[in-house]
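Novice: Sequence:
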Amino acid sequence: MTPEQLRASILQYAMEGKLVKQNFDDEPASKLIKKIEDEKLQLVKEGKIKKGKKLPAITDEEKPFDIPNNWEWVKLGNIVDYVQRGKSPKYDKESNSYPIISQKCVQWDGVHLEFAKHLKEDFWKELPSYRFVTKGDLLLNSTGTGTVGRIIKVTESFDKIPVDSHVTIIRLNKNVCNSYILYFLMSPIIQNNLDDYLTGTTKQKEFGLASIQNIVISIPPLEEQKRIVAKIEKLMPLVDEYAESYNRLQKIDNEFEDKLKQSVLQYAMEGKLVKQNPSDEPASELIKKIENEKAELVKEGKIKKSKKLPAITDDEKPFDIPNSWEWVRLGDIVQAQIGKTPQRHNSDYWAERDIPWVSISDLTNGNLTETKEKISSKALKDVFHDRIVAKNTLLMSFKLTIGKVAILRINAVHNEAIVSIIPFIDSEHSLRDYLFVTLPMISQNGDFKDAIKGKTLNKSSLTKLLIPLPPLKEQKRIVAKLREFKRSADILSK
Numbered sequence: 010m011t012p013e014q015l016r017a018s019i020l021q022y023a024m025e026g027k028l029v030k031q032n033f034d035d036e037p038a039s040k041l042i043k044k045i046e047d048e049k050l051q052l053v054k055e056g057k058i059k060k061g062k063k064l065p066a067i068t069d070e071e072k073p074f075d076i077p078n079n080w081e082w083v084k085l086g087n088i089v090d091y092v093q094r095g096k097s098p099k100y101d102k103e104s105n106s107y108p109i110i111s112q113k114c115v116q117w118d119g120v121h122l123e124f125a126k127h128l129k130e131d132f133w134k135e136l137p138s139y140r141f142v143t144k145g146d147l148l149l150n151s152t153g154t155g156t157v158g159r160i161i162k163v164t165e166s167f168d169k170i171p172v173d174s175h176v177t178i179i180r181l182n183k184n185v186c187n188s189y190i191l192y193f194l195m196s197p198i199i200q201n202n203l204d205d206y207l208t209g210t211t212k213q214k215e216f217g218l219a220s221i222q223n224i225v226i227s228i229p230p231l232e233e234q235k236r237i238v239a240k241i242e243k244l245m246p247l248v249d250e251y252a253e254s255y256n257r258l259q260k261i262d263n264e265f266e267d268k269l270k271q272s273v274l275q276y277a278m279e280g281k282l283v284k285q286n287p288s289d290e291p292a293s294e295l296i297k298k299i300e301n302e303k304a305e306l307v308k309e310g311k312i313k314k315s316k317k318l319p320a321i322t323d324d325e326k327p328f329d330i331p332n333s334w335e336w337v338r339l340g341d342i343v344q345a346q347i348g349k350t351p352q353r354h355n356s357d358y359w360a361e362r363d364i365p366w367v368s369i370s371d372l373t374n375g376n377l378t379e380t381k382e383k384i385s386s387k388a389l390k391d392v393f394h395d396r397i398v399a400k401n402t403l404l405m406s407f408k409l410t411i412g413k414v415a416i417l418r419i420n421a422v423h424n425e426a427i428v429s430i431i432p433f434i435d436s437e438h439s440l441r442d443y444l445f446v447t448l449p450m451i452s453q454n455g456d457f458k459d460a461i462k463g464k465t466l467n468k469s470s471l472t473k474l475l476i477p478l479p480p481l482k483e484q485k486r487i488v489a490k491l492r493e494f495k496r497s498a499d500i501l502s503k
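Heads up, the sequence shown is in our numbering, so the first residue is 10 and it goes up one at a time.
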């Protein structure tokens with residue numbers, strides 16, 4: 010059970026009469042309600058208040074649960090002395106003398122006057138005294154998706170501060186415990202059913218005065234209200250302690266899964282995940298074959314001769330690897346091709362949407378089968394010179410979001426924040442798959458990450474990336490083992 014669920018359960022139990030024992034020596038709630046009615050009639054008779062509109066009787070359908078015999082169902086409007094929204098204010102941007110409470114000021118933990126705007130003096134002076142917030146008032150945010158329904162009790166005395174037209178003051182009769190009503194309005198009975206009380210559009214929800222007055226409340230005897238409040242206020246700090254422990258455990262749980270995956274991947278890159286097989290052709294032979302293939306491609310004019318990459322020094326090597334492995338730079342074993350974005354203002358490039366165009370947001374689940382956007386054949390010709398990235402190519406993001414990878418399962422092109430990674434020798438996709446599982450971690454560590462964060466957001470940063478290269482057959486075993494681990498981890502996380 011989450012801390013939020015526990016808090017909600019405590020409040021739900023409280024409002025159903027299940028949190029504390031009933032004491033049948035308490036004056037029943039029916040007498041309390043009668044007392045409030047009599048007081049109101051007397052005040053009307055004396056001309057101190059106007060006679061309010063009679064609220065509709067409560068139907069059985071409006072009662073969401075059973076309550077103890079000495080409790081009563083009552084409408085909120087029948088137990089308040091005053092309930093009203095504030096007036097639309099006239100603000101004074103030059104003065105800080107007359108603050109007004111807005112819905113931004115009404116947070117779950119109290120009134121935050123640091124968010125208050127300020128009124129013109131003449132507007133403030135014209136407000137009658139009952140418009141000013143008093144200690145013990147409930148303040149209810151009454152407008153706007155996301156804030157509507159938020160309620161607090163005023164626990165301090167303010168010097169003549171009103172509320173604006175998006176906040177409702179609920180001033181309860183002295184025969185009712187205002188904290189009990191606060192907790193009722195904070196409970197899931199109300200908060201989980203706010204839509205039943207609200208009017209207006211999705212963008213501008215309103216908790217109207219009529220809806221507030223017609224809220225049906227389960228009300229206990231006054232003494233029991235006090236016992237319920239005392240019990241809630243004793244339990245809530247314990248729930249806060251539980252929340253700290255719960256959140257700590259959740260963090261550990263989430264971090265454990267990530268750290269476990271990183272540890273397994275680190276073991277894989279150090280040659281500790283699967284056993285070495287002495288009969289495997291060593292990685293040094295694979296590198297020779299790659300060098301020969303590159304030389305042949307240069308000779309045939311299919312690629313340009315690239316600038317020799319810096320030799321790898323011992324200081325660069327972050328860990329030891331098996332004797333059959335080799336340290337290489339990414340640019341020595343793959344072609345890296347960076348994409349482009351056709352001009353957005355050229356409608357010809359985006360009108361006919363024929364060619365899938367990959368952006369970072371498309372790199373989501375490892376296998377890329379569709380893109381959010383497509384470009385025209387004209388864009389392919391003008392911008393990409395008719396060069397399509399073939400399906401089964403490994404893609405990696407290296408700008409903004411670093412190290413997101415996917416295997417392209419369609420022919421496509423991509424933007425300049427993504428690089429196509431094409432091994433020189435890889436008939437069975439062994440090296441591609443090995444880079445697919447290791448590049449996300451490699452790209453987040455060491456000099457490469459620092460380069461990406463700095464000024465060298467270019468092809469050079471990518472080609473200099475250091476790769477621990479196993480023999481070809483061991484690459485396959487590592488990938489198979491990592492896939493097996495991922496399946497097991499996915500099952501455990503469910």
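Worth flagging that the hints you see were computed from the coordinates, not collected in a lab. Any given hint could be a false lead.
Pairwise CB distance ranges (calculated) [stated by the list, open to error]: (1) H438 - K383: 42 to 52 Å; (2) D131 - L52: 25 to 35 Å; (3) G145 - L247: 22 to 32 Å; (4) D34 - K60: 45 to 55 Å; (5) D131 - Q93: 18 to 28 Å; (6) K134 - Q93: 38 to 48 Å; (7) K235 - Q93: 21 to 31 Å; (8) Q213 - E13: 40 to 50 Å; (9) E250 - K482: 16 to 26 Å; (10) H438 - G209: 55 to 65 Å; (11) L247 - E48: 31 to 41 Å; (12) K30 - Q213: 37 to 47 Å; (13) E250 - K60: 30 to 40 Å.
No residue lacks a Cβ here, since even glycine has one placed at the ideal position from N, Cα and C.
Novice: Take the hints in turn and mark each one as holding or not.
Specialist: Hints versus structure:
no.	hint	verdict
1	H438 - K383: 42 to 52 Å	26 Å, violated
2	D131 - L52: 25 to 35 Å	31 Å, holds
3	G145 - L247: 22 to 32 Å	26 Å, holds
4	D34 - K60: 45 to 55 Å	35 Å, violated
5	D131 - Q93: 18 to 28 Å	21 Å, holds
6	K134 - Q93: 38 to 48 Å	19 Å, violated
7	K235 - Q93: 21 to 31 Å	27 Å, holds
8	Q213 - E13: 40 to 50 Å	27 Å, violated
9	E250 - K482: 16 to 26 Å	55 Å, violated
10	H438 - G209: 55 to 65 Å	56 Å, holds
11	L247 - E48: 31 to 41 Å	38 Å, holds
12	K30 - Q213: 37 to 47 Å	45 Å, holds
13	E250 - K60: 30 to 40 Å	49 Å, violated
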